[in-house]
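Asks: Chains as they are written, first to last, in numbering that gives the first Met the number 0: chain A, 0 to 459; chain B, 0 to 459; chain C, 0 to 459.
These aren't lab readings, by the way, just hints derived from the structure by calculation.
Since the model is a prediction, treat every value here as computed from it, not as a measurement.
Heads up, a few of these hints could be off.
Pairs involving identical chains hold if they fit within one copy or between any two copies, as the list cannot separate such chains.
Computed list of lysine-lysine pairs in DSBU-like fashion (alpha-carbon distance at most 35 Å, straight line) [to be verified]:
| hint | residue 1 | residue 2 |
| --- | --- | --- |
| 1 | 386 | 122 |
| 2 | 379 | 252 |
| 3 | 252 | 386 |
| 4 | 252 | 122 |
| 5 | 94 | 379 |
| 6 | 386 | 441 |
| 7 | 441 | 94 |
| 8 | 441 | 379 |
| 9 | 290 | 379 |
| 10 | 122 | 379 |
| 11 | 252 | 94 |
| 12 | 290 | 94 |
| 13 | 252 | 290 |
| 14 | 122 | 290 |
| 15 | 441 | 252 |
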Amino acid sequence: MSTAVSAPFPGLRATFANPSACVPLATAAHELVRELYPICRSITGNGVRATLDRLGEIVPLQRFEVPSGTPVFDWEVPAEWNVREAWVRDPSGRKVVDFADHSLHLVSYSVPFRGRVSLEELKQHLHSLPQHPDWIPYRTSYYREYWGFCMRHRDLERLPPGEYEVCVDTTLQPGHLTYAEATVRGATDREVLIYTHTCHPSLANDNLAGMTLTAMLARELSRIPRRLSYRIVFGPGTIGSLTWLAANETELKRIDHGLVLGLLGDPGSLTYKESRNGTAMVDRVARHVLKHLDTGTGPRARVVEFEPYGYDERQFCSPGFDLPVGRLTRSANGAYPEYHSSADNPDLLTVPAMAESLYAAMCIVDVLEANRVCVNLSPKGEPRLGKRGLYGSLGGPPPGEFENAVRWVLNQSDGSRDLLAIADRAALPFEVVALAADALEKVGLLRTRWPEDSTTGDTP
Amino acid sequence: MSTAVSAPFPGLRATFANPSACVPLATAAHELVRELYPICRSITGNGVRATLDRLGEIVPLQRFEVPSGTPVFDWEVPAEWNVREAWVRDPSGRKVVDFADHSLHLVSYSVPFRGRVSLEELKQHLHSLPQHPDWIPYRTSYYREYWGFCMRHRDLERLPPGEYEVCVDTTLQPGHLTYAEATVRGATDREVLIYTHTCHPSLANDNLAGMTLTAMLARELSRIPRRLSYRIVFGPGTIGSLTWLAANETELKRIDHGLVLGLLGDPGSLTYKESRNGTAMVDRVARHVLKHLDTGTGPRARVVEFEPYGYDERQFCSPGFDLPVGRLTRSANGAYPEYHSSADNPDLLTVPAMAESLYAAMCIVDVLEANRVCVNLSPKGEPRLGKRGLYGSLGGPPPGEFENAVRWVLNQSDGSRDLLAIADRAALPFEVVALAADALEKVGLLRTRWPEDSTTGDTP
Amino acid sequence: MSTAVSAPFPGLRATFANPSACVPLATAAHELVRELYPICRSITGNGVRATLDRLGEIVPLQRFEVPSGTPVFDWEVPAEWNVREAWVRDPSGRKVVDFADHSLHLVSYSVPFRGRVSLEELKQHLHSLPQHPDWIPYRTSYYREYWGFCMRHRDLERLPPGEYEVCVDTTLQPGHLTYAEATVRGATDREVLIYTHTCHPSLANDNLAGMTLTAMLARELSRIPRRLSYRIVFGPGTIGSLTWLAANETELKRIDHGLVLGLLGDPGSLTYKESRNGTAMVDRVARHVLKHLDTGTGPRARVVEFEPYGYDERQFCSPGFDLPVGRLTRSANGAYPEYHSSADNPDLLTVPAMAESLYAAMCIVDVLEANRVCVNLSPKGEPRLGKRGLYGSLGGPPPGEFENAVRWVLNQSDGSRDLLAIADRAALPFEVVALAADALEKVGLLRTRWPEDSTTGDTP
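Only chain A is shown next, with the shape it has when bound in the complex:
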């Protein structure tokens, strides 16, 4: 008994036919980035909760609170960190740096401190970027007890000698690590995992762009018929994905595909990073989508090989899990100068870039939904297509391309390869091949063999 719904292609593309159709969503996401930008987020704390509250207005989110001290593989959930106030006054009493002005001013996870220190001693706790004197750097100290401030280098250089008053009024005590999940059920219980990191304070591309676009994607996904189920997780980097993995360890076998989303708003080229093995279906799908994605503006999308450095794919792709999880970003891991500084602000993001990122993610989802193995039911010779009306034009694609796709699907559908492999061999866009398969199925020349149709569970 098949549990699969008929999943007519295109899914999201029925609404979003190209990147420009995603512009309204990208515009809304960009506005939301501006709204959420001032909030101080970290790997724990109330800033994360406030952010998830707001994202939950886009798409319903289930909240998870994991107590500090919970063991998580080689790690444990840290103490929760919150900030009341934090500033430094110079000898004249003037506040020379104040967390209230910008959440980056305080080193994340700074321990509480109150006292008077000399300039020399203070400088042990100050961070700046001499090469970018007007930018505030982003620094953390999650696992070493420390307090510190981040400043514009120009301001730091102007600090007069004398005694400074320091206030770091933070709490770092047993609490919880917070993450949230949007679950979008499909006709089958085979799952797609989507993960985006929530732990960065006032940084726009890294990762308010990822959080807001992921919420948009989740909402749109919930509006279409789906074959696959989706678990879309908003959690902190590293400790968050580890915590999620620990909490869901027995259910990981349901995950067929995964995607880490982040840094999706800068104008650099869209970049897919392959999963650990580079041969997962999500890798094949993303390579196909990015190859055929040419918006005519901006740099070409690119695919890079796996490396054990980056975002939460490091945890999903660790050898003990080895999940088929790739990553979609634009300029990742310090590949843009504004990375991890106050210059990564909402003005760095562009709506066309965000629209293209969202569109690419939607296309990947669409192909994951519609890709399948088909079997030619009239495999001896070519069937007569003319009498079945399959030699006329059809919808969007030029007639020649559609007829070409029909021939490819018939010739290659012996049960040994999926439509995506056929599209790649034929050098045709997946959607044309999928439309040809739909048309052939309609006239009874083709049958889909969904993985979930098999009672023995063997997937081709």
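With chain A fixed as given, assemble chains B and C onto it according to the hints.
Replies: Then chains B and C, alone, in the frame of chain A:
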């Protein structure tokens, strides 16, 4: 018990050492093209029978007549079509187009019609090539009831207004589909299938060149000792190969190699199209032969990947048969401007092109015959070649090349690869490697392991 | 129960960190080349014994004497050849060529002859190089009874007509074939075979460079802890390796890796020739080492595919043995103009070239010793490296590179690939990856799975 004859290499090349040695055969074929050119052929009918009568004077052909209505997989054998006369008279009574002048003037499979029509109505039934105003196009209407004429555009434009008299005196009624087969038996019953299409009217390259050269090849094949058996089929395109497949379905398992031949006379580059999988022995052989074929004149031969568009390889390579059948042509599928028009006439063909085509087909056959797995009988270290006279020069190849081939054959003949693989790895022509293997076999250092030697039937 | 010693990387590189560190050894080897150059060696005879005596002062050598007539696969050990004197006097009684001046003057294995011959008859026995009139060629006649002299072409042309007196006072009679072996035992009985040919008379690059550097390598190897055992053989070409194979046939299964060394002193580019299959570990190691070897001087090292022509790898890589033996040379097989002539003398060699050759061989040995499969003991997610001190810098490599290697080793060590594969995928030098693995093993995050640890003997 081995049923294999000793098949000393070279076979056909004992007579045809290079393309220029094929010039007499190509010249005779070209003359035959001129002779057969006026005949009106189609997928059925007397023109095909007349053509096969003439080809049967080159090589004995067994004739097959399959009744109209015979089911053939998803198709059925169509009604038989014949033409008595067909013309159009203008208002002044002058014949403006007459089938008697050129068989292309009548749309193939035109249904009978007799009557008077206005110029406007007539034009619904006229076809021309505005971009080549002096050429008559080739048009068919096998599966839609229709009559029509094809004209030079220059003539069509000059038609005066008024009433035209039309005569399409054709018969389209139950009859037969005709094809013929030359069977050339070898020492084993493993078969090579060769197919060439016979359905085109007055078109020289497409496919009188293929028909005449295939007949020449069949005749020469019958004159040499053969290990393999050959079934050389002359039949109409698509419905012909489908009909042949239906008639021979239980015997297809004997086919080890296959080749569709056609369009072999134009001056474009010789082109081999790979079989569906691209890994069949005929693919490996053809790649090798075309790589080493350099006649110094004209464009380099080329190999193209399989695609489900083309000639009868589409049927042989459909997933229900998936036969190891490649295709040898020159400019195929509309890749030359004269394609499917009266400009594809005998003057388009060149004897050097036809000679090269025939030579390449002969070389492919020769390598299919002589390729084999050998086993070094003195595999521990190199045997002493000097004392066996294998370090002197021998026949044609330069001594260094022959000695090099001897070393490669000895080193690689561990039973895991055939001589062709050795030739490819050594970057040597197959014939030199095969001569080295023959010489080594003669002095007892090598033993051939023919596929047919195995009583269990497993082929290496 | 593991029999493996802990083999901390680097081994030889603890002393020889780069090619320049090999200069003292290369200088000593070059001096030894000058000392041994005048000796007349051949595939048998006292010249070989004298050479092995001297090399035995570098590293202890076990001598083997195999009687003439001993069957060796398709061959047999030949008669032993020695020379007392050999010269030609012109009609005036002047010695125009004398073996005492240069060992190349006499064709190797010349049979005894004493008599008077005309110039015309003499010329049937004279060899020269018209294109290099000042060089004496090197000629042999091991298996055809013949005597002959090799001369400078300039001298040959000046020979006056008349009767010449010829003295070839050689012995060619039952005796022995001589070879020697340095055996360097390691913690396991898995073996590395190293072979260098000893049969050439006064030729410096071919192969005194190989003999002397191989002796140096053997001595250095004996000074470090070793996991593998080494059998380093000094024997004549072809018949020597065949004789060694026959004598050791039952023990060949212990050989995991092998290397033929020779022609290691000319200034051409260092060249590794792959083993018969090209996929042996020694092939992977050599490709890696030569890729990362850039001495900044001279041509880049290169890797060439196997071919059944060359030195003793031809015997080791014959199909009956198919041993994983590669070859390291500089300009091999006639790839330098001075090849097989008196111009291949000690002045052709350069110390930097010899040092680089020795260094590359040492690196290959080091990687063979240290390469292994490791298993991540904390495979679920990334372990916390900071608390284990693995995020600081360490020794030579830049900190970023070391931390990168740590991440790669953890991510890839699932038991399916060795450190070399990880280094290649990460595009890191093997030594950095091996140091990372050592560090991870020390903190308990990694376990080595040596092939010899397995009681069932299955090697990953």
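Asks: Any hints from earlier that this structure breaks? Give me their numbers in increasing order, please.
Replies: 4, 5, 7, 10, 11, 12, 14
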